Amino acid sequence: MKNMKIILSGLSIAVLLGFSINTYAAKSWGVTNEVKAKFTGTVVDIACQLTGNCPDNCGAGSRQLGLQTNDQGLILVAKNLTLYTGAAEELYGFCGQEIEVDGLFTENRNVRFFQVQNMRAIGGKWAKATRFHKAWAEKNDTKPRKAKRWYRKDVRIKTIIERDGYLGLGLDKDAEYFGN
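Quick note: the sequence shown uses my numbering, first residue 1, plus one each step.
Hints should not be assumed to be uniformly reliable.
Here are the simulated distance ranges between beta carbons [claimed, not checked]: (1) Phe178 / Gly96: 42 to 50 Å; (2) Ser28 / Gln64: 23 to 31 Å; (3) Lys158 / Asn70: 39 to 47 Å; (4) Ala175 / Thr40: 46 to 54 Å; (5) Ala175 / Tyr84: 21 to 29 Å; (6) Gln64 / Lys153: 21 to 29 Å; (7) Gly123 / Gly52: 26 to 34 Å; (8) Thr51 / Glu98: 16 to 24 Å; (9) Cys54 / Phe178: 42 to 50 Å; (10) Thr69 / Asn108: 15 to 23 Å; (11) Thr130 / Gln72: 20 to 28 Å; (12) Ile122 / Glu162: 39 to 47 Å; (13) Gly96 / Gly168: 33 to 41 Å; (14) Ser28 / Tyr84: 14 to 22 Å.
Don't read these hints as lab results, they were simulated from the structure. In this text, all values refer to a predicted model and were calculated from it rather than measured experimentally. Beta carbons are placed, not taken as given, at the ideal position from N, Cα and C, and that holds for glycine.
Take these sequences, add in the hints, and give me the full structure.
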């Protein structure tokens, strides 16, 4: 209880002094250089921003999307909460709109990207960034609960593996590596 009083006292002091307290719902993934962040930005199609090739509705989930912010510029939103997926399914419904996101920034070789965990329209209700399963299930005529291991059933992935192998280096390299 003593610790609870200290936390509440610190919180009360910050509020009284007019400090803004940022609370993050994002969970750490233990990724190198990760930083929790919550901010607002306008959902944009990355290719559209860079090349002028701009399909309707940000490509309806088929293109890489990002957030245009006033203070940080164009942010690549590379991931959501679903295994092996990007964030296009999460964001395209907000194409051209300003939203608030909560998640993790990470960086590799000077390339910085964002992994969205929670999002909402400005003033709206927070939602977890897990729309991919439902969307994949609808596109593949199955139930969302059966889409959990979507990557083992997806025709696009199976086609690539048949062509390039599991390592992506060719079937001969797979045979050499896996001993087949």
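We went through each hint and held it up to the structure:
1. At about 46 Å, the CB distance of phenylalanine 178 to glycine 96 agrees with the hint of 42 to 50 Å.
2. The hinted window of 23 to 31 Å between serine 28 and glutamine 64 holds, with their beta carbons roughly 25 Å apart.
3. Taking the beta carbon of each, lysine 158 and asparagine 70 are about 43 Å apart, inside 39 to 47 Å as hinted.
4. In this structure the supplied range 46 to 54 Å holds for alanine 175 paired with threonine 40, their Cβ-Cβ distance being about 50 Å.
5. Checked against the given bound of 21 to 29 Å, the beta carbons of alanine 175 and tyrosine 84, roughly 24 Å apart, stay inside it.
6. Remark: the range hint 21 to 29 Å for glutamine 64 to lysine 153 is upheld by a beta-carbon distance near 23 Å.
7. The given range of 26 to 34 Å is respected by glycine 123 and glycine 52, whose C-beta atoms sit roughly 32 Å from each other.
8. Hint check: threonine 51 to glutamate 98, Cβ distance near 23 Å, so the stated range 16 to 24 Å holds.
9. At roughly 43 Å, the beta carbons of cysteine 54 and phenylalanine 178 sit within the given window of 42 to 50 Å.
10. At roughly 21 Å, the beta-carbon separation of threonine 69 and asparagine 108 lies within the given 15 to 23 Å, and the hint holds.
11. Taking 20 to 28 Å as the suggested C-beta distance range, the pair threonine 130 and glutamine 72 conforms, at roughly 25 Å.
12. Checked against the hint of 39 to 47 Å, the C-beta distance between isoleucine 122 and glutamate 162 comes to roughly 45 Å, which is consistent with it.
13. Checking the proposed 33 to 41 Å range against glycine 96 and glycine 168 shows it holds: the Cβ atoms sit about 35 Å from each other.
14. Remark: the range hint 14 to 22 Å for serine 28 to tyrosine 84 is upheld by a beta-carbon distance near 20 Å.
Violated hints: none; the structure is consistent with every hint.
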